[in-house]
Structures are given as C-alpha cells and as structure tokens.
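Residue numbers (the numbering used here), protein chains in the order written: chain A, 410 to 691; chain B, 410 to 691.
Any given hint might turn out to be false.
Unchecked claim - With a straight-line Cα cutoff of 25 Å, these simulated DSS-like cross-link-like pairs (lysine-lysine) come out: (1) B:Lys415 / A:Lys425; (2) B:Lys643 / B:Lys617; (3) B:Lys552 / A:Lys421; (4) A:Lys424 / B:Lys643.
Claimed, not checked - Selected chain A positions facing chain B (in silico; Cβ < 10 Å): (5) Asp418; (6) Arg420; (7) Lys509; (8) Gly520; (9) Val524; (10) Lys543; (11) Leu623; (12) Thr645.
Claimed, not checked - Computed footprint of chain B on chain A, listed as stretches where at least three residues anywhere in the stretch have a Cβ under 8 Å from a Cβ of chain B: (13) 421-428; (14) 449-457.
Treat the hints as calculated values from the structure; they're not laboratory data. Because the structure is a prediction, the values reported are computed rather than measured. The C-beta atom is built at its ideal place from N, Cα and C for all residues, glycine as well.
Number of protein chains: 2
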Amino acid sequence: MKIVKKVDDVRKEVKKARKEGKTIGFVPTMGALHNGHLSLIKASISECAFTVVSIFVNPIQFNDPADYKKYPRDNERDINLLKKEDVDLLFIPETEEMYKERAETYVEVRGLSDVLEGKFRPGHFKGVCTVVCKLFNIVQPDKAYFGWKDAQQLIVIRKMVKDLNIPVEIVGCPTIRENDGLAASSRNVFIKEDDREKALSLYNSLKKIEDMVLKEGIKDTSILLEEGKSIIAKYTDVELQYLEIVDFENLSPVRKIESKVLVLGAIKLPYVRLIDNIIINV
Amino acid sequence: MKIVKKVDDVRKEVKKARKEGKTIGFVPTMGALHNGHLSLIKASISECAFTVVSIFVNPIQFNDPADYKKYPRDNERDINLLKKEDVDLLFIPETEEMYKERAETYVEVRGLSDVLEGKFRPGHFKGVCTVVCKLFNIVQPDKAYFGWKDAQQLIVIRKMVKDLNIPVEIVGCPTIRENDGLAASSRNVFIKEDDREKALSLYNSLKKIEDMVLKEGIKDTSILLEEGKSIIAKYTDVELQYLEIVDFENLSPVRKIESKVLVLGAIKLPYVRLIDNIIINV
Chain A
410 MKIVKKVDDV
420 RKEVKKARKE
430 GKTIGFVPTM
440 GALHNGHLSL
450 IKASISECAF
460 TVVSIFVNPI
470 QFNDPADYKK
480 YPRDNERDIN
490 LLKKEDVDLL
500 FIPETEEMYK
510 ERAETYVEVR
520 GLSDVLEGKF
530 RPGHFKGVCT
540 VVCKLFNIVQ
550 PDKAYFGWKD
560 AQQLIVIRKM
570 VKDLNIPVEI
580 VGCPTIREND
590 GLAASSRNVF
600 IKEDDREKAL
610 SLYNSLKKIE
620 DMVLKEGIKD
630 TSILLEEGKS
640 IIAKYTDVEL
650 QYLEIVDFEN
660 LSPVRKIESK
670 VLVLGAIKLP
680 YVRLIDNIII
690 NV
Chain B
410 MKIVKKVDDV
420 RKEVKKARKE
430 GKTIGFVPTM
440 GALHNGHLSL
450 IKASISECAF
460 TVVSIFVNPI
470 QFNDPADYKK
480 YPRDNERDIN
490 LLKKEDVDLL
500 FIPETEEMYK
510 ERAETYVEVR
520 GLSDVLEGKF
530 RPGHFKGVCT
540 VVCKLFNIVQ
550 PDKAYFGWKD
560 AQQLIVIRKM
570 VKDLNIPVEI
580 VGCPTIREND
590 GLAASSRNVF
600 IKEDDREKAL
610 SLYNSLKKIE
620 DMVLKEGIKD
630 TSILLEEGKS
640 IIAKYTDVEL
650 QYLEIVDFEN
660 LSPVRKIESK
670 VLVLGAIKLP
680 YVRLIDNIII
690 NV
C-alpha cells in the first residue's frame, strides 16, 4: 500500500493504474476505521483492480467545532488496519492540501440536504458534497463506496453525482452492526459501557417498527412512529432528535407505507450523538 | 464534425479520442457564434488534437427570464460556421438533457461571484459555475477555452476549478473586437446602427483610462474612474451600471494602480446590456 499526502501524487498513481487498464475503486473516509469502512474497502477490492482509500477529517462538514475537535483520529492504527487489506493507495492529505488559499467554492444539493440530519446539522451536507466532489475530481474513480449507515449522505451524494454529471458509479453498502446490533460508527468509541442499552434504544426502536410493518402489517406511520418513539422515551437522558419514515428516493415523509421507505433517527446521549436507519421494502 | 445531443454520446466520442491518445480541448458556448468564439475554437484546434464545442443557452444563469427568452439563437447558422472550422464534436443538448428530474445541485464560488456583474445579475455566476462544472464532467477536457471579454466569468471559473480540484486547464483568450473596437458579443446583433456610438462609449471610456495610466502615468483610480464615467455620461440614455478598477486576482477595488488590474464596466442601452473590460499591467 502506497501512502501519499499530495493531490498530485494521487493523480500520478491513479493515472499509472488506469494506463494498466485497471478499474479504480474509491472509499472516502474520515478515518477511525471500523468494520463498516472495512466492508466498503472489501467491496471495492472485490470489484475494482485498484482501490484508493482516503482519510480526511473534513472540517467544513462539522457544524459544531467541538465535534470536529474531538472527532476520533488515529492514523497509525488506521494505516495498520489498511495494510492488512489489499488497498493500493491511501491518500491522507493535510487540511491545507485540501483547502488552500481561502477556498470559496461550495457544492450544494438543495432540498435533500435540508431535512432530517440537515435540520440538526446546518451546512453539514454542503460540506460533505464539497469535499466529496473534490475527492472525486482528485481520484477520478470509476466506482465509489458509501455505507447505508449514513443513508441521507448516500442519497444526497447520488443526487449530486446525477445532477452534476460526475462520471462515477456510487455503490451503497449495507450497514455493518456490532454483535448487539449497534450500527458501526467511528463515534461508538465514545459510548460508555453502562450506556450501551441507551445507545441501542434507537436500533431497538427501528427494529420494533420493522416488525410491526413486516409481521403485523401496520402501515400507518403515525402509529409506527409513536411506538418507536416510546422505546427511546424510556431513557430520560437520551434525547430523540428525530425519528421519521420517509420515501426512499426523495426523503419526503410518508403517511402510509406503500413502497420502499427509510426509517431514520438520531439520538443524543449527553456526550455523543448517534444516527441509524433501516430500509423497509413492502 | 459529429453533432450529438446526448451526454452519453459525448462521452462515447471523447473516450474514443482519448483512447487514440488525443488531447481534448473544449469550448463551451451559448451559440450565436461570433469571432470571439471562433478565436477560442481556433486556439483549441491549434493546441488540442480533438476539439469539442458545446452550444447550450443555460437557463439557470439568466437572472432575467426576458433576457433568456430573447437571447439570440441560430443553431443552423452556428453549425455552418463550425463546419468550416476543424471542430471534431459539437454537443447541442436540449434543456431536459442538461437539467432532468428536478436538478437541485448548485456550485457556487463565494465572494468573487457577488461583486461587479454579480451585483447586477444575482445568481448569474452560480448558474454559470453549475453548468460549466456539469459540462466539464460530461466532456472531461484537458483544456477549456474562455474569453477575457467575460473577465469575471473567467476568474470565477478558474477559482472553481482550483477549489474543486477539477482536472482541467483553463485557457483565457484575448477579447476579440469588431472593426470599431466594440467587443465581440452575441448581444451585439441587437444594437441599432444609430446607437453604435453609444454602445462604444464603454470601450472609449476604458481606452481613455488606459491612456491616462500608460501615457500620463495617472495611478489614482478615483481620478481615472471620474474621467472614464464622464465619457459615458455624455449619452443620456446610456445607463452606466458600474465602472471599476480592481485587482486582477481577487477583484477587490484598487485605490492606486500598482500592479496588474482589470478595468471593467457594464452599460445598459434601453434594449441591450453590454459589458467590456481591459487589463492594465503597470
């Protein structure tokens, strides 16, 4: 695995691989790698002859500077993890390499970026789209891999790619869960052992809703959400930021489940914010 | 010259040319071609083995719907003109091909887009950047050619390309002028013969400023602009929208000319708006 810090070096390595006729797969990450990331990397390696991984904690997607500051970073551990996989190129730029000389350009997907996560993290998806657009231009991959764990991010990026005619195929990979069901996330390292049950309340709520739909045939989302919310409400120091059932394509709220939907939620423990979602296909 | 209307066909043709090892040059236009466009096309042909021209009147860059509606369009004439040059591929998409299924993604360069033209045409450069970003993603050229006639556009696009790491070289070509000095523009077809002198007042003002700097050594921009504005003020039905002397790089107003500057202006005759500029290098 080659490790580079400069945009020009990424281009050089990718150009070489492309000259050899290799398909380029790309997995952009913010590091603090977990099994979710590894599943994306494995997917890329299985489908592409040349896999590029990037590690960059993107400051402009953090609406909360404190969150940016404390976001877990451990390049050494990440590099060792990646070396065990068959990754061809790792791009770890400094912030100055990505945003030099007062960058002023932003890519924004209206509408889809303003709901759900966007309501609680204003500007978040603008920051995500901008950095992902930049990384796509730097790596110029054939395929890029994103996890369904960040469902809205995946949908926003797909929309950006389509709207801007970016020549890349976006591959969505299933959410990877820890043994107890908690969705793999870099932020899970913050969860205290005693709070595990609280952290799991969101997933338990999603599972309950899924059961009600698939086993009991309940389609009325107001009933489903009421029940789902009650599971989280048991924990007084868990703040439910949102729990919604929305159309799989356009993220607009659904009254009655009649096609593929996403059930998404965000909870806040006093010291960590967690998101999760499930897809229900009736 | 091959003419295509679909994004996929552009990609197919460009891919073929690239496989043959050809450098791809690109000249995006809104049609109503004049000698300015032809100079860009000739520059591309002289530097690149494969030249792509696009004709697309981009609705989202017109802040004024009436201006969009009356913008000159003559594809037949344009195609005949292009056939005489050595253009390899002409892309003439329909609006639906460029903006399908409620496009919601916008590319914006803050700061540079908000001054000068941006003040008088809110949203204009956001529309320009979005369509140019799309066209770059569709054509994936090595070099793209823009005229200095639209100086702010050129500077904004260069900034976008740099900020978003778009892998294209932006080539700026000198303003082409008609015999009497009027900058070549698609909108010149609207100018009534009797109004020629009025239309020329902006260029005469720019030339006067240039003379004052280069021949008389006057560097104080307030003096220069006062003199320049007085030339336009002679014509009562010519509205001067702005006349400014700004830094060549960041477009911020300059008090005293000490390095490369742009002198830019916009005037409005009752039925047509015209822009022009000169570069002064002291």
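Tested hints:
A hinted pair counts as satisfied when its Cα atoms are at most 25 Å apart, and B:Lys415 with A:Lys425 does not qualify at roughly 30 Å. Taken as a hint, the B:Lys643 and B:Lys617 pair is honoured in the structure, with Cα atoms around 14 Å apart against an allowance of 25 Å. Our distance criterion of 25 Å between C-alpha atoms is met by B:Lys552 and A:Lys421, whose separation comes to about 18 Å. Distance hint between A:Lys424 and B:Lys643 is unfulfilled; the C-alpha atoms sit about 59 Å from each other, more than 25 Å.
Residue-level restraint check for A:Asp418 is violated (minimum Cβ-Cβ distance to chain B is 13 Å; threshold 10 Å). For A:Arg420, the interface hint holds, since its Cβ comes within 10 Å of a Cβ in chain B; the closest pair sits about 7 Å apart. For A:Lys509, the interface hint holds, since its Cβ comes within 10 Å of a Cβ in chain B; the closest pair sits about 8 Å apart. For the restraint placing A:Gly520 at the interface with chain B, the shortest Cβ-Cβ distance is roughly 5 Å, inside the 10 Å limit, so the hint holds.
At about 12 Å, the closest approach between the beta carbon of A:Val524 and any beta carbon in chain B exceeds 10 Å, and the interface hint on this residue is violated. Proximity of A:Lys543 to chain B holds as hinted, the smallest CB-CB distance being about 5 Å (cut-off 10 Å). Violation of the interface hint for A:Leu623 is found here, the shortest Cβ-Cβ separation to chain B being roughly 30 Å, above the 10 Å cut-off. Because the closest C-beta pair between A:Thr645 and chain B is about 39 Å apart, greater than 10 Å, the hint is violated.
With 0 residues having a beta carbon nearer than 8 Å to a beta carbon of chain B, the segment 421-428 of chain A misses the requirement of three or more and the stated coverage is violated. A count of 0 residues in the segment 449-457 of chain A with a Cβ less than 8 Å from any Cβ of chain B is obtained; the coverage claim is therefore unmet, three being the minimum.
Violated hints, in rising order: 1, 4, 5, 9, 11, 12, 13, 14; the structure is consistent with all others.
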